[in-house]
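There are 2 protein chains.
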Amino acid sequence: MSRNVPETPVCILGLGLIGGCLLRDLTAAGAPAYGWNRSPETVRRAVADGHDAGADLAATLARAEADRALVVIAAPMPAVGDLLDAIAEHAPNAGITDVVSVKQAVYDEVRARGLADRYVGCHPMAGTADSGWAATCEGLFRGAAWVVAFDHADDLQRAGRAAGARWVEVFRQVVALGDAVGAEVIPSRARHHDRAVARVSHLPHLLAEALAVVGDHGGALTLSLAAGSFRDGTRVAGTRPDLVRAMCEGNATALGEALDQALELLGDCRRQLAEEGSVADLVEAGHVGRTRYEIRSGRRELAGGATLSHRPVIRVSPGQRGWVAQLEHAEHLGARLEIF
Amino acid sequence: MSRNVPETPVCILGLGLIGGCLLRDLTAAGAPAYGWNRSPETVRRAVADGHDAGADLAATLARAEADRALVVIAAPMPAVGDLLDAIAEHAPNAGITDVVSVKQAVYDEVRARGLADRYVGCHPMAGTADSGWAATCEGLFRGAAWVVAFDHADDLQRAGRAAGARWVEVFRQVVALGDAVGAEVIPSRARHHDRAVARVSHLPHLLAEALAVVGDHGGALTLSLAAGSFRDGTRVAGTRPDLVRAMCEGNATALGEALDQALELLGDCRRQLAEEGSVADLVEAGHVGRTRYEIRSGRRELAGGATLSHRPVIRVSPGQRGWVAQLEHAEHLGARLEIF
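Residue numbers (this note's numbering), protein chains in the order written: chain G, 547 to 886; chain Y, 547 to 886.
Because the hints were derived from the structure by calculation, they are not lab data. Owing to the predicted nature of the structure, the values given are computational and were not obtained by experimental measurement. Do not take every clue at face value.
Stated by the list, open to error - Heads up, incomplete: computed chain G residues facing chain Y, CB under 8 Å, no partners named:
1. V746
2. A758
3. L767
4. C815
5. Y839
6. G880
Ideal Cβ positions, reconstructed from N, Cα and C, are used throughout, including at glycine.
Build the full structure now, drawing on both the sequences and the hints.
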């Protein structure tokens, strides 16, 4: 795993869990990075922890424009539109990315403002049930999937054109950002990303919420008997409701499809339980699914402490002939990207 | 937390995860304990690890009868009937308990054989997704809930009678067993226990299985993007399917009710998502439920390294006037029991 320090300054808008952890990792790596947060109290804490942060959005973006920074939108979906407006006004040439957990909705906002030729979305698949600067730490993204969305290049290719040099430069910067924090970069188009995370990130939240309610309705004895399976199964229900809503509601179509599948599986299981006293079909299929996930998510330790991911690798040279097709291939395999 | 070493020998039938961990804890505490397992290979491993174990069921039970041991059935529900038959034949006076995850079905088997006056069921709320002797360790039960079922005393009281001295002695032994392994003893009647664990132990398995299937159906990219919420939400789908089926199918009625509630909550959420683009109702209720669970399951560290449970305490003297009513009170509160 190469861990190059990005040369491009990184300007992070929003110092919650993801933005804050990113600022910590970059600062620790000696990379030029600074942040903005709406709340002066959060800014005060970040500065007290030795970070470069401010509460003046226009000034922060003017600085990003001046030093040709990569601007990272690290705010929940409902705040994205206003931040893009501010970027268009105060940083008219800066590269743009975001770490929002849905990608199509962000891309739509970006295109509506004509910013697509300097925007490459990303999504680090990492987090905890806690939020805010107080929850931030170093190393959150180590080994995590770091999705990089290449929709703009894909859209242009379908129209017989190639992405411009500026977009390819931003693409390299966003890949370098994931690399710098120890993540594994996985290319995906927004709609495929959104369908995937509906299944493995947003649906888990809804199932956790439902389980928490059913347990709670059981009363004191029930909560007193709750152990590991309930603790783990409800963990993400500890996340702030507004953050869960922003994720789920920003991905309503794909989440609806995933939820329909879960309802069908559970409904079939309910019928098999009533008619045959058995839960065999669901339990056997679920065990296969979990096993397949364990194989995919496994890591092997190498001598010297490095680890090797079980994800396949695709090597790509951005901007070269055929590179978008290679990204599509990597997306299909869920492969991680190495660029050269 | 008092940690008295039981004086009564403990004879454990089944050296899988729960039975094996129990044998390890008792042996480590210096308590007289030995085990039986059907598989000679498991017995060989247990003996190689320094434990007293054999593969001859009749001989093991004859030994339990001779030394007035407490016999612990630590096998899945489908094996319980045969083991009770063997106990009735070879250990006609030994006290009997079990660690099976359903209590009404075991109690029914016990009553069908006329063994209720020397049987007190229990259920340690602990485990991992792994199984077999290889998965055993010391300390699995530390701080866990250790349900002790007092149905026999309750049934007799409803008939105007009191449990006999032998039953009260077995009750004390089963409480002492939980105490010896560092668990917190919580009294409950079988039907209330079964309804509670359907919500906090069996339903979590079905939701985990469904989530694992929906993730797996998403294909390679989806599994590649799966992170913490999917990992935790599907963890127990790694459990051997026959063990999950034994648990769930042994508690079909209560599990069906819990699953119906989950289906209703998720169905309502699906409608709110389709009609309003919102998941507010479920997410807000789930967050409240999780928070209430966190409060109940919390532990506070004391100076010196001991911890204090957030579960309330009820002190009871077994066999004394009014003690069954006190157990019912504790059950209602999900309180842990201290006996004197």
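Here is what the structure says about each hint:
The interface hint given for G/V746 is met, as the beta carbon of that residue sits about 4 Å from the closest beta carbon of chain Y, less than 8 Å. Given the 8 Å rule on beta carbons, the hint for G/A758 holds: about 4 Å separates it from the nearest Cβ of chain Y. The criterion of a C-beta within 8 Å of any C-beta in chain Y is met by G/L767, whose closest approach is roughly 4 Å, and the hint holds. Against a cut-off of 8 Å between C-beta atoms, the interface hint on G/C815 holds, since the closest Cβ of chain Y lies about 6 Å away.
With 8 Å as the threshold, the beta carbon of G/Y839 comes within range of chain Y, its nearest partner Cβ sitting at about 5 Å, so the hint holds. Given hint, G/G880 at the interface with chain Y, holds; its Cβ is 3 Å from that chain's nearest Cβ, closer than 8 Å.
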